[in-house]
Structures are given as structure tokens and as C-alpha cells.
Amino acid sequence: MYTKLICWIGCSWILLLTACTTTPSEKNKRPTIVTTTGMLADAARSIMGETADVIALMGPGVDPHMYKATEGDLQKLTSADVIIYNGLHLEGKMSEVLHALEKKNPSVYAFTNGIPSTKWRVLDATAQIYDPHVWFDVALWNEGVKALTVFLITKFPSDSVAIQRRSLDYQNQLDQLHVRILRQLDSIPVAQRVLITAHDAFGYFGQAYHIEVRGLQGISTVADFGLNDVSQLVQYITSRKIKAVFIESSISEQSIRAVVEGCTAKGHPITIGGTLYSDAMGSAGTPAGTYIGMVEHNVHTICQALR
Amino acid sequence: MKYEIILTAILVALPCSMLGCFLILRKMVMLGDAISHAVLPGIVIAYLVFDSRDPWMMLWGAGCTGVLTTLCIEILHKRFNVQEDAAIGVVFTFLFALGVILISVFAHNIDLDQDCVLYGEIVYVPLHRMDIGVLSVPVALPPLILVNAIVFFILIVFYPYFKLSTFDSAFAAGVGMSVGLWNYVLMSLVSFTTVAAFESVGAILVIAFLVVPAASAYLWSKQLKTMCLLSLGFAIASVCIGYMIAQQWDVSISASIAMGSGILFGISFVIHTSGKVIVRNKQ
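One line per chain: the protein sequences are A and B, in this order.
107 is the number of the first residue of the first sequence in the numbering used here; add one for each residue after it.
28 is the number of the first residue of the second sequence in the numbering used here; add one for each residue after it.
Be aware that one or more of the hints could be misleading.
A partial selection of chain A residues facing chain B, derived with a Cβ cut-off under 10 Å [claimed, not checked]: (1) Val168; (2) Met172; (3) Lys174; (4) Ala175; (5) Thr176; (6) Glu177; (7) Gly198; (8) Glu202; (9) Pro212; (10) Ser213; (11) Lys225; (12) Ala233; (13) Arg286; (14) Leu288; (15) Gln290.
Listed below are the simulated BS3-like cross-link pairs for lysine-lysine, each with C-alpha atoms no more than 27 Å apart in a straight line [to be verified]: (16) A:Lys225 with A:Lys182; (17) B:Lys29 with A:Lys174; (18) A:Lys209 with B:Lys29; (19) B:Lys303 with B:Lys249; (20) B:Lys29 with B:Lys190; (21) A:Lys261 with A:Lys182; (22) B:Lys105 with B:Lys29; (23) B:Lys249 with B:Lys190; (24) A:Lys347 with A:Lys372; (25) B:Lys105 with B:Lys190; (26) B:Lys249 with B:Lys54; (27) B:Lys249 with A:Lys182; (28) B:Lys249 with B:Lys105; (29) B:Lys54 with A:Lys135; (30) A:Lys210 with B:Lys105.
Negatives, chain A to chain B, calculated, CB over 10 Å [to be verified]: (31) Trp226; (32) Ser264; (33) Arg272.
Please keep in mind that the hints were generated in silico from the structure rather than gathered at the bench.
Treat the numbers as computed from the prediction; the structure is a model and nothing was measured.
Glycine included, C-beta positions come from ideal geometry on N, C-alpha and C.
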């Protein structure tokens, strides 16, 4: 009796699942642009305005190295008119797939290809591995946006004038943002200009805005920090009398807490300066939910803590 | 599009669930999980030697360490009488730890781990294509078809040998069969299949296919041939159920298929145990 019952439950459930498989929504007239990260979606949205639907595959707070695709992602990627991805292996395996697709399909675009390769931060010269976190240098991001605009104009030539206008608007905002960051960070004394976070994502930021960047871990998140890493960092912090360290939104804060405790034990009290958005933006609707908002939040947090 | 994903999943499911039957009888079922971790040093060494993150080099490194892992486990178990599960545990934790240390020493500033450079994602299978003549097929398919051909050819042609060495290795040795050889052949097949499958569909799915369909089948039948056929059936059914789950809730396909196989195991288990209860009550 039980057997039959369970069989029936099982069968009915499977039938239910087949019966209500989703049908794709009606074809939208506006072109669809699919991007991998939220930062790219923000750039595309600013350039295209209301004329295109922009979808980011990775939501707020998602670590792009670890992103697991869903069934719907394939649907989104195949139905997209334009696909924009970061490149330089930011998206892990997904970068490889999109890179292969790019060669055959002219609608796929790697954002970092729009930035001259001489400006990529070299991580390993012989293996030609570069730092993918280009969005932390606003001026560099701006260069990428310019190249992206050219690409989008070739894709949507009928809308070229409006695209150009919106893009110039956005570029202006980025220029102002860049200047504002430089000015804000100037308020931090030179000796205090050290940014300490859990993993090495802020390389471009440090390079562009003359801040020394120290990470507890390397770029890879699998190799855990060693005991030596912690004690060296603690030594460094106490000798430089640094006031604060920072947490990243997409990385666990456990590791950086070890540093704080180490410093306190050595008689150098240190605060956690706040949470920085590193690999993903904040939730939509919050101030940090746009690219500009996210960068401003980061800079504001850093200034508040280190000044 | 969709059918290519299902086909890929089935092509992974078939050899894995078949090999899983032999592994479960030899109490070596976590070998797949062990290999998924143990390939890390191979990846790092391949990167250090070739100075590139090229997928083929990564696959080569992973394949070599996969075979090395199974060899070490076999040697520990057979020569030094370490228990199977302990041998697996010792070898894979050691190799994984070695990989982590190699990364922190030589490659701490680049992204180099299985998730980034080796494990594929089944969702992207239809996107990554190549042309064979006039046909455009996903890059993942030809290697998987090759793996299927090799695994099924060897398992079917030498079936009696595998069967005997699995069930009664003492007797097999007594009649002059080289038990060690068949062990190594089976283990190499497993490592070769898992690494190739990791590349196209990622780890969790491969591990699930190695363990769960065979475990469900083992509940229903104690006959090796029936068990293998049932295991293949369960594997294909879990692909179908899993794909429906993924479509329904827009979630990761590999995880849903792995869950599908778990659901089938659950159903088998409940029916099996309740059947026993009924029989006992009647008695």
C-alpha cells in the first residue's frame, strides 16, 4: 500500500513539474543586452538609456570567480542581441567560453579589450596573466566605456546620435568622479595611505590613486592565508600605525578579523573601517547599486576610516 | 540547445553510473570525490611547467594526477593493507594540501583552482562549439563520446574479469588471473572518465553520477548485470528530472540533476524499506 502511494506521489510530482515548465515570455521589441557583472550592466544601461533591456547575470554580492550559472542564463545568453563580459579571466571558466564565442559571434564583446593592453596590470608576465579588476580605476573604466560606446554604435547604428549623447554624459560623470576621488583621497595623510583588505582586488585602485594596497590573501581565493601572512601584516600595521582595515562585500570577513585581533594583542588597537564593494555592486535601489555609487561608497569609507 | 545539454549530461551519466557499480562493490565509491580534490597539484604543476592557463594543459595536469591518485590509493590499500576508505582519505587530502601549498608558494597572485580553470559548467556546453565538416557541435561532445566508447568497450569485452576480480579477488588470483592489473585498469578508467567529465560539466555532477545511481540500483538488485542496467536507467532518469527542476526554478542544472538522482535514491529507499516492513508484517 505504501509502495503504491509513494509511486503515485512521485509520478504526480513529476507530471506537475512537466506540466508547468515555463514558457518563454513574449518577444520584447527592445534589444536585449546581457552582461556578466553588475558594473558592466550599469555602463551599458547608462549608454543605452531606455532603448535596450540590460540584464546582468551576476546579482549583487556575487563573487564572479565562483559564479554558478543557472538554466535561465543559457536562455538569456542565447536570446541576447549583445553580450558584454569583463574578460581577463574574471569570470573563470565562463570567460573562456565567452572568449571562444567572441571569435565566431560579433555580438560578444570583452570590455577589457577596449582598454589598451599596456594599461593592464601584469600579475604574471611570462604566462600573460593580468589583473581583471579594471573597474577600480575610474579613468581606465572610462576608456573602456569609450570603446564600448563605439562597439554599441556599430551594433545599433540607427540610434547612434542618442547613444553618443548619453555616453558623453556618462563619461563626463566618470571624469568628475575621478577628479573627486583624487581630491577626497588627498585629505588622507601620506603616511596613512595604506588600504588593507582580505584579497588583492584593489590593485588598480592603488595604482591610480597612489594608495599602497596590501592584501592578506593573493588574488586566488582558494589558497588560504598563512600564519606568516597574518603576522607579517600585523607587524606591518603596527610599525606603520595604520588606523583601519577593510572588509569586502563578496569575501568572508573571518580572515581580516584575525588581523584585527593580532594587532589588538600587540597593543595597537585597529578598527574595521567598513565594508568595501570589490567584485560586485550593492543591491539595486541602494546608493551603492550603481557603479558611481559603489565607487563613491568605497572612497567615502576609506577616507572616513584613514583620515 | 536544451537537448544538447541533456545529451551531454546523459553522456556523462552513462560511463559514470556504470563505473559506479563496480566502485560501490569495491567500497571505493568516494574515489570520484577524491580525484576532484586531488587534481589541484596537477593543475598547479602544469601551470608552472607550461606557464599558461590553457585548458588543455590544465586537463593534462589533472589527468596525470588523477591516475597518480588512484595508483597511490591502490598501492596503499593492496600493498600496505590500509583500509580502502582510509587510503582514499589519506591520498586525496595529502594531494589537495600539496596543491594549496604550491599555490601559496608559487602562484598566490593569480586565480588558479579547479573551479576557475578546470571545472566546466554544463550550461555553457551549447555555447562553446566547434565545426566538424558541416556539423556544428559543442566542443564537449566529441571527447565525451570517446570516453563512452572506451569505457563501454573495455567494460563489456572484459566484463567477466572485472566481475570476478570485484566479487572474489582471492578466487580470481587462485585461477591465475592478474587481479592487480584489472584493478588498475578499472581505476584508470575512473580517473580518466572523471577528469574528462569535470572539464565539461563540473565536479558535483560527476561525483553524484558515480555514487547515487549505483547506490539506488544496489537497493533493487544484487545481480551485477541487473544492477548495471538499473544504474544506467536511474542515471538517465535523474538527468530528466534534474533538467525539469532546473527549468522550473531557474537554478543550476548540475545541482538539480545531482538532486534528481538523490530524489530517485530517496524513492527507491522508501519503497525498499516499506516493502520490507510489509513483508515482515505479513509474516
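Right, here's what the structure says about each hint:
Because the closest C-beta pair between Val168 of chain A and chain B is about 13 Å apart, greater than 10 Å, the hint is violated. For Met172 of chain A, the shortest C-beta to C-beta distance to chain B is roughly 6 Å, which falls under 10 Å, so the interface hint holds. Checking Lys174 of chain A against chain B: minimum C-beta separation of about 5 Å stays under 10 Å; hint holds. Hint on Ala175 of chain A holds. Least Cβ distance to chain B is approximately 4 Å, under the 10 Å limit.
About 5 Å separates the beta-carbon of Thr176 of chain A from the nearest beta-carbon of chain B, less than 10 Å, and the hint is met. At its closest, the beta carbon of Glu177 of chain A sits 4 Å from a beta carbon of chain B; the interface hint therefore holds under the 10 Å criterion. Annotation: Gly198 of chain A was flagged as interfacial toward chain B, and the flag holds, the nearest CB pair being 4 Å apart, inside 10 Å. Interface restraint check: Glu202 of chain A against chain B, minimum CB-CB distance 6 Å, threshold 10 Å, status holds.
Because the smallest distance between the Cβ of Pro212 of chain A and any Cβ of chain B comes to about 15 Å, over 10 Å, the interface hint for this residue is violated. Using the Cβ-Cβ criterion of 10 Å, the hint placing Ser213 of chain A at the interface with chain B is not satisfied: the shortest such distance is roughly 12 Å. Interface restraint check: Lys225 of chain A against chain B, minimum CB-CB distance 18 Å, threshold 10 Å, status violated. Interface hint at Ala233 of chain A: satisfied, since its Cβ lies 5 Å from the closest Cβ of chain B, which is below the 10 Å cut-off.
A least Cβ separation of about 30 Å between Arg286 of chain A and chain B goes past the 10 Å threshold, and the interface hint is therefore violated. Using the Cβ-Cβ criterion of 10 Å, the hint placing Leu288 of chain A at the interface with chain B is not satisfied: the shortest such distance is roughly 27 Å. This hint is violated: Gln290 of chain A has a C-beta 28 Å from the nearest C-beta of chain B, more than the 10 Å allowed. For the hint linking Lys225 of chain A to Lys182 of chain A, the alpha-carbon distance of about 32 Å lies beyond 27 Å, and the restraint is violated.
With a CA separation close to 18 Å, the supplied pair Lys29 of chain B and Lys174 of chain A stays within the 27 Å bound. Straight-line distance between C-alpha atoms of Lys209 of chain A and Lys29 of chain B comes to about 23 Å, which keeps the hinted pair within the 27 Å bound. In summary, the hint linking Lys303 of chain B to Lys249 of chain B is supported, as the alpha carbons are separated by about 16 Å, within the 27 Å threshold. This hinted pair does not check out: Lys29 of chain B and Lys190 of chain B have alpha carbons roughly 37 Å apart, beyond 27 Å.
At roughly 18 Å between alpha-carbon atoms, Lys261 of chain A and Lys182 of chain A fall within 27 Å of each other, so this suggested pair holds. In summary, the hint linking Lys105 of chain B to Lys29 of chain B is not supported, as the alpha carbons are separated by about 45 Å, beyond the 27 Å threshold. At most 27 Å may separate the alpha-carbon atoms for a hinted pair to count; Lys249 of chain B and Lys190 of chain B meet this at roughly 13 Å. For a cut-off of 27 Å, the pair hint linking Lys347 of chain A to Lys372 of chain A stands: about 12 Å separates their Cα positions.
At roughly 18 Å between alpha-carbon atoms, Lys105 of chain B and Lys190 of chain B fall within 27 Å of each other, so this suggested pair holds. Restraint check: the Cα-Cα separation between Lys249 of chain B and Lys54 of chain B comes to about 15 Å, which is no more than 27 Å; the hinted pair holds. The hinted pair formed by Lys249 of chain B and Lys182 of chain A fails the criterion: a straight-line CA distance of about 46 Å is larger than 27 Å. Simply put, Lys249 of chain B and Lys105 of chain B have alpha-carbon atoms about 25 Å apart, close enough for the 27 Å limit, and the pair holds.
Proposed proximity of Lys54 of chain B and Lys135 of chain A is contradicted: the alpha carbons are some 57 Å apart, above 27 Å. Note on Lys210 of chain A and Lys105 of chain B: the hinted pairing is violated, with a Cα-Cα distance of about 51 Å set against a maximum of 27 Å. With a least beta-carbon separation of about 13 Å from chain B, Trp226 of chain A lies farther than 10 Å from that chain, consistent with its non-interface assignment. Here Ser264 of chain A stays apart from chain B, with its beta-carbon at least about 28 Å from theirs, past the 10 Å limit.
Distance to chain B confirms Arg272 of chain A as a non-interface residue, since its nearest Cβ pair spans about 30 Å, more than 10 Å.
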